[in-house]
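Participant: So the sequence lines, in the order shown, correspond to chains A and B.
Start counting the first sequence at 1441; every next residue gets the next number (the numbering used here).
Start counting the second sequence at -14; every next residue gets the next number (the numbering used here).
None of these hints come from the bench; they were simulated from the model.
Here the structure is a predicted model, which means the values were calculated and not measured.
Don't be surprised by glycine CBs; every beta carbon is placed ideally from N, CA and C.
Treat each hint with caution, since some may be false.
Claimed, not checked - Quick list of in silico lysine-lysine cross-link-like pairs, DSS-like style, CA-CA up to 25 angstroms:
hint, chain 1, residue 1, chain 2, residue 2
1, A, Lys1453, A, Lys1820
2, B, Lys192, B, Lys130
3, A, Lys1510, A, Lys1674
4, A, Lys1612, A, Lys1593
5, B, Lys84, A, Lys1820
6, B, Lys84, A, Lys1740
To be verified - FRET-style restraints, in silico, Cβ to Cβ:
hint, chain 1, residue 1, chain 2, residue 2, range
7, B, His207, A, Gly1780, 57 to 63 angstroms
8, A, Ile1822, B, Gly119, 35 to 41 angstroms
9, A, Asp1737, B, Gly81, 24 to 30 angstroms
10, B, His122, A, Arg1631, 28 to 34 angstroms
11, B, Ser123, A, Met1450, 16 to 22 angstroms
12, B, Lys12, A, Ala1454, 48 to 54 angstroms
13, B, His207, A, Lys1453, 35 to 41 angstroms
14, A, Ile1822, B, His122, 23 to 29 angstroms
15, A, Ile1714, B, Ser177, 53 to 59 angstroms
16, A, Ile1822, B, Lys26, 25 to 31 angstroms
17, A, Asp1737, B, Asp63, 26 to 32 angstroms
18, A, Met1703, B, Asp63, 58 to 64 angstroms
Chain residues, written in single-letter form:
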Amino acid sequence: MNLVALRMLMGDKAKYIGIIFGVAFASLLMTQQASIFVGLMTRTFGFVSDTGQPDVWVMDPKVQFIDDLKPLQDTMLYRVRGVEGVEWAVPLYKGLLRARLDNGNFQTCNVIGIDDGTLIGGPPEMLEGSLADLRRADSVIVDVVGATSRLAKQPPIDPATGKPMGPPVPLKVGDFLELNDNRAVVVGICRVSRTFQSQPVVYTTYTRATTFAPRERRLMTFVLVKGRSGEDPKALCERIRESTGLAAYTADEFSWKTVVYFMKFTGIPINFGISVILGFLVGTAIAGQTFYNFTLDNLKQFGALKAMGAGNLRLLGMIMLQALVVGLIGYGVGVGAAAGFKYLSGRSELAFRMIWQIPVITAGAVTIIVVLASLLSIIKVIRLEPAIVFKG
Amino acid sequence: MPALMPIEQSHNPGSHSSARGLAIHCKNVTKSFSAGGTSIKALRGIDLDVKLGELAMLVGPSGCGKTTLISVVAGILDRDEGECLVFDQDFSKMSGRQKTRFRGQTVGFVFQQFNLLPALTAAQNIAVPLLINGVSHSAAVKVAKEMLDRVGLGDRSESLPRQLSGGQQQRVAIARAMVHKPRLIVCDEPTSALDHETGHVVMRLLKNVALDHDRALVIVTHDARIFGFADRVFKMDDGRIVDVIANPSSLMSPADQQH
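Next comes chain A alone, as it looks inside the complex (with noise of 0.2 angstroms):
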């Protein structure tokens, strides 16, 4: 009978596309949504994660996520390198200072400052010339997305039609820079991962950082601590916030602390929320739908295999079975319309990260998304009297 019940399924050409495009919707919004959603949250800590050593972050109490900036006193550095436990500390300097353009503009950068000695904090991955770079006069690193973009020296203006004469021309290895006033000479041209701050990342030293950065009381923004083998990062964070009255987070916990903020404080999940839901929804309607009119068109014939002896029970598994086939070819679809919309965003701007729990979650949904669609179905059937095959 299982095979019956397939062909009466696919019988119906229209609406077997019907309602496995309700559910391919479903799994396709939930899905691409949800992933969206992980991509903005995972790029909130893009910094933490691009900043592989240091096993604890520590910094003001008060911070509440990557970019709340909150300096400390220089000497905090010197306090945490004598907690126990600690194999290293390292100063790393975050702010937002203005470069000025060829052009005359002015472009704010997000400019980090490494540690002079051990280059601690440098970038994931130089594209061209090396960290190392860092330790010639002047010398600053910057991201490759801001090199093309916000930095590229623009062209100029044709005086006839008002537009400019070219493409921007990326900024590159021994083009200048001027930051504060202070003159900067790009060494190396690196990536780093997409933040929620559209700022071009320069990368220099902790001291040279302090230079460019306006004259403050307060600079460091971030201690960098490593742990000595076999140290558990949790209790050292533990030490350094009893010893030093600092904040101390390991970079998960940093991170997670990030993503809740953003979370807590901003509409993203709520947006990424309803889109979700809706998802959920329009699919449970067009699928139930669609399912639900499929078994009313074929209610005489569920009427006349019940009065030729099809009991309850086996209608049941042939309307789960049809459930089933279009929940599991419609999820194939959505779910990998998700990954082929992935696959084409490429290297784009788009946050889009699928990790494995979005397609368990999403055929959770769509587990309950076809219960509810053949439920109505499978009750009218189970209540259909089959005498209904004697009316005309």
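Given chain A's structure and the hints, the job is docking chain B onto it.
Facilitator: Frame of chain A, contents of chain B only:
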């Protein structure tokens, strides 16, 4: 569910014969429906005996209770009162599951609108009762094809219902009703959707192929042209059997008799 008895064995004349030689024995059967708060009496004390090997027709105006009566006889509807035995089996003493199983093994149905599954081929449609009774798909389709041969459609086994004429569809429906060798075949207006000639072909088929001395055929019809095929005609009106005609060919026109 027990496996269906092999067709050769289940069709062993005399092995299942009713003690009284009756396929159906109904005594004072009543059935009411409630609609809009009022009770409608569809059957008002029906007495009906159908013998083994008999072709009985139920005739009468619309709403007289014919369809309700065959629904009760086929175990699709429960009666309110009275006694109704089908091959000495009382549906009222069966559980829902037993009734379904009994129907699946003992009753074959031919419907007015054929009710063939549109997505299945002729052979697959005929195989459905066997599949319901647990026969494997390949074995069921094999038997179904043999059945198609018997109704003269051996070359249409792979045709879908929409590719068949009305008469061919009804022949497929008849083959489906007989494929599992049921002992009672219930037909609801089997010729109403067919032209005169095709109606006679279908009735000859029913009489010659479906009927033997261990079986019974009950046909609900309005079609006076086919009354002559019946052994007895039970005239119904207002939920009662008002007349039993033992020589129904007298009801047919001379042209139909000659046909």
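Participant: For each hint, tell me whether it holds in the structure or not.
Facilitator: Hints, verified against the model:
no.: 1; hint: A:Lys1453 x A:Lys1820; verdict: holds (22 angstroms)
no.: 2; hint: B:Lys192 x B:Lys130; verdict: holds (20 angstroms)
no.: 3; hint: A:Lys1510 x A:Lys1674; verdict: holds (22 angstroms)
no.: 4; hint: A:Lys1612 x A:Lys1593; verdict: holds (10 angstroms)
no.: 5; hint: B:Lys84 x A:Lys1820; verdict: holds (20 angstroms)
no.: 6; hint: B:Lys84 x A:Lys1740; verdict: holds (20 angstroms)
no.: 7; hint: B:His207 x A:Gly1780: 57 to 63 angstroms; verdict: holds (60 angstroms)
no.: 8; hint: A:Ile1822 x B:Gly119: 35 to 41 angstroms; verdict: violated (21 angstroms)
no.: 9; hint: A:Asp1737 x B:Gly81: 24 to 30 angstroms; verdict: holds (26 angstroms)
no.: 10; hint: B:His122 x A:Arg1631: 28 to 34 angstroms; verdict: violated (59 angstroms)
no.: 11; hint: B:Ser123 x A:Met1450: 16 to 22 angstroms; verdict: holds (20 angstroms)
no.: 12; hint: B:Lys12 x A:Ala1454: 48 to 54 angstroms; verdict: holds (51 angstroms)
no.: 13; hint: B:His207 x A:Lys1453: 35 to 41 angstroms; verdict: holds (37 angstroms)
no.: 14; hint: A:Ile1822 x B:His122: 23 to 29 angstroms; verdict: holds (25 angstroms)
no.: 15; hint: A:Ile1714 x B:Ser177: 53 to 59 angstroms; verdict: holds (56 angstroms)
no.: 16; hint: A:Ile1822 x B:Lys26: 25 to 31 angstroms; verdict: holds (28 angstroms)
no.: 17; hint: A:Asp1737 x B:Asp63: 26 to 32 angstroms; verdict: holds (28 angstroms)
no.: 18; hint: A:Met1703 x B:Asp63: 58 to 64 angstroms; verdict: holds (60 angstroms)
In summary, the numbered hints that this structure violates are 8 and 10.
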